[in-house]
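Q: The numbers in full-length UniProt numbering rise by one with no breaks, and the one at position 46 of the sequence shown is 46.
A portion of the hints provided could be inaccurate.
[Claimed, not checked] Quick list of the computed label-pair ranges, beta carbon to beta carbon: (1) E261 / L175: 26 to 34 Å; (2) P214 / V292: 53 to 61 Å; (3) E153 / R49: 31 to 39 Å; (4) S21 / D244: 44 to 52 Å; (5) P214 / L260: 50 to 58 Å; (6) D198 / Q31: 49 to 57 Å; (7) W218 / D32: 36 to 44 Å; (8) I184 / E258: 23 to 31 Å; (9) E202 / Y45: 55 to 63 Å; (10) E35 / E202: 55 to 63 Å; (11) E267 / A27: 58 to 66 Å; (12) A200 / V292: 26 to 34 Å.
These are calculated hints, taken from the structure and not from any lab test. A virtual CB, placed ideally from N, CA and C, is assigned to each residue, including glycine.
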Amino acid sequence: MADKSAERKHTIFAVALALFSERGIKATSMQDIAERCGFSKGTLYQHFRSKEELIRSIHEYALGTLQEKLEAAAAENRSARETFLAQIEVLLHSLIEFKSFMLMQIREQEFSGIGDQLRQRQEEGRCAPVRNPLLTQAFLLIRRSLIGIYGPEIDRYSGDLSVVIGGLTFSYLQLADDWGMPEIPIPEALRHLESMVDAAAERLLRQQPEPLIPSSLWAEWIKEAPDESGAARRPFILIRQMRDTLAWSPLLRAEREEALEALDVLEEELSADSPRRAVVKGMFANLKEVHVLHGALEQLGPLVSYRLDELSAHESPSSKQ
Numbered sequence: 001m002a003d004k005s006a007e008r009k010h011t012i013f014a015v016a017l018a019l020f021s022e023r024g025i026k027a028t029s030m031q032d033i034a035e036r037c038g039f040s041k042g043t044l045y046q047h048f049r050s051k052e053e054l055i056r057s058i059h060e061y062a063l064g065t066l067q068e069k070l071e072a073a074a075a076e077n078r079s080a081r082e083t084f085l086a087q088i089e090v091l092l093h094s095l096i097e098f099k100s101f102m103l104m105q106i107r108e109q110e111f112s113g114i115g116d117q118l119r120q121r122q123e124e125g126r127c128a129p130v131r132n133p134l135l136t137q138a139f140l141l142i143r144r145s146l147i148g149i150y151g152p153e154i155d156r157y158s159g160d161l162s163v164v165i166g167g168l169t170f171s172y173l174q175l176a177d178d179w180g181m182p183e184i185p186i187p188e189a190l191r192h193l194e195s196m197v198d199a200a201a202e203r204l205l206r207q208q209p210e211p212l213i214p215s216s217l218w219a220e221w222i223k224e225a226p227d228e229s230g231a232a233r234r235p236f237i238l239i240r241q242m243r244d245t246l247a248w249s250p251l252l253r254a255e256r257e258e259a260l261e262a263l264d265v266l267e268e269e270l271s272a273d274s275p276r277r278a279v280v281k282g283m284f285a286n287l288k289e290v291h292v293l294h295g296a297l298e299q300l301g302p303l304v305s306y307r308l309d310e311l312s313a314h315e316s317p318s319s320k321q
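Please model the entire structure based on the sequences and the hints provided.
A: This is the structure in structure tokens:
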């Protein structure tokens with residue numbers, strides 16, 4: 001019975017999205033949706049009590065699906081650069097799938113309750129913006145990828161580069177509508193985005209300007225980020241895999257033992273309540289000399305940076321003194 005209900009909801013989502021694209025959200029009634037689905041309006045109301053609830057459910061479904069795909073892309077055994085490009089590809093596919101619905105929301109100001117939250121905050125005298133948890137998570141994923149690709153020095157420009165990446169990603173989809181260009185194939189868009197971000201990151205690291213978007217504006221997002229399933233364990237899983245790699249690699253005995261010792265120290269520091277960043281950085285420098293660990297280190301780097309920030313964000317003032 002649950003499977004049938006879920007199947008019917010997906011049918012309603014598909015039909016509603018099609019009608020919203022054809023007629024607009026405000027011009028589409030629940031009766032229109034029920035008729036296109038092939039069942040009564042009463043059956044539709046068994047699943048959704050109002051059009052507002054249906055819109056909110058579609059919104060949550062789209063974001064939830066995107067979240068799952070982004071996490072799946074990150075879970076694959078890829079380098080930091082490959083993970084970044086895979087997640088941008090997921091984002092592009094998802095934006096194409098829900099493009100009409102998103103544009104319709106913007107045109108008709110149907111924001112699934114976000115506008116109501118903003119008005120409520122204004123009435124209560126609160127100026128803090130309403131942040132979507134998925135947008136916060138997307139920023140953290142981009143930040144992690146940037147650190148993995150370009151190193152920890154790029155972190156102060158995470159906000160700036162996130163704006164560049166987001167702007168490029170959305171613009172690729174608008175070129176056909178606003179510029180009259182043919183739709184850009186996703187592989188071509190990814191190659192262009194990669195070259196643009198590489199050029200921007202290289203220039204920022206070389207010239208070291210003050211970031212337009214300082215970390216003080218997004219530091220709170222680290223504290224508010226949704227808890228990732230297994231995220232705290234992933235660095236230790238990678239360290240264990242690196243030990244296995246060393247065991248089977250044709251290295252000199254002294255080189256293998258030094259690398260294993262560095263992994264022991266790194267694991268001990270990460271297990272501590274207050275890891276010492278200098279020690280962690282030193283162990284990473286030692287491990288970078290071992291060529292068979294380069295791929296794993298690319299994955300481990302951003303995870304460790306994220307974990308250090310997370311632990312630092314939750315430290316009490318007294319523990320930092």
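Q: Take the hints in turn and mark each one as holding or not.
A: Hint check:
1. E261 / L175: 26 to 34 Å: 53 Å, violated
2. P214 / V292: 53 to 61 Å: Distance hint for P214, V292 is violated at roughly 38 Å.
3. E153 / R49: 31 to 39 Å: 52 Å, violated
4. S21 / D244: 44 to 52 Å: Holds, at about 50 Å.
5. P214 / L260: 50 to 58 Å: Check failed, 40 Å falls outside 50 to 58 Å.
6. D198 / Q31: 49 to 57 Å: 52 Å, holds
7. W218 / D32: 36 to 44 Å: 42 Å, holds
8. I184 / E258: 23 to 31 Å: At 48 Å between Cβs, range violated.
9. E202 / Y45: 55 to 63 Å: 56 Å, holds
10. E35 / E202: 55 to 63 Å: 56 Å, holds
11. E267 / A27: 58 to 66 Å: Given a distance of about 60 Å, which is inside 58 to 66 Å, the answer is holds.
12. A200 / V292: 26 to 34 Å: 31 Å, holds
Checked against the numbered hints above, the structure breaks hints 1, 2, 3, 5, 8 and satisfies the rest.
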